[in-house]
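Residues per chain, in single letters:
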Amino acid sequence: NAGVTQTPKFQVLKTGQSMTLQCAQDMNHNSMYWYRQDPGMGLRLIYYSASEGTTDKGEVPNGYNVSRLNKREFSLRLESAAPSQTSVYFCASSEAWQTGRTQYFGPGTRLLVL
Amino acid sequence: DQQVKQNSPSLSVQEGRISILNCDYTNSMFDYFLWYKKYPAEGPTFLISISSIKDKNEDGRFTVFLNKSAKHLSLHIVPSQPGDSAVYFCAASEEGGSEKLVFGKGTKLTVNP
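Top to bottom, those sequences are chains A and B. Count along the first sequence from 1, add 845, and you get the number used in the numbering used here. Count along the second sequence from 1, add 62, and you get the number used in the numbering used here.
Worth flagging that the hints you see were computed from the coordinates, not collected in a lab. C-beta atoms are modelled at their ideal positions from N, C-alpha and C, and glycine is treated no differently.
Chain A is faced by these chain B residues, among others (derived, beta-carbon under 8 angstroms): (1) Y94; (2) G105; (3) F151; (4) S155; (5) E161; (6) G168.
Between the sequences and the hints, there should be enough to build the whole structure, so can you do that?
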């Protein structure tokens, strides 16, 4: 039982390049989330998915797209990376009946945009 | 507008003493509160939570207190240990079925041996 896994762990991009951050969970959770963490800013919600086939914007969605590929996987795409997207990205999952409102986080992807 | 505030960016305590981390919130619709702990280069891990119908929840060395009238909660760690050194995030969730969390900016706790 790996919990929440994220790939890659670290990535360097040039401005304008695109990339997809991958997230998978093996806990059979319905809800999945993408956050970014910046120094002194805490964790801010980018997008979330309450169930397979649904996605909704969070606090800071601009510049990102998401895909809930199936119940296990939730990907985050940067179509044209900007230096302001340099951050650490965390994926999380939860299931109301199983975990209440507790979310379980992956180890993070550190992204540097030059 | 920041709905969850952790006004102390850092806190330093001696091993064996009490650590008290504070959190304030502005949204009266929040009815569930959580504390997460985060070590460098790792994801946040759940520590303890409290529902708004309670004013205290205890789990081993960790106790969370909730004062709804003041919109304030605190995390007490007794006794503090060097392994408790980490960033602690307060988070809140609004009633209504959504599992979304709103996080504070975090407090970095350093426990000195």
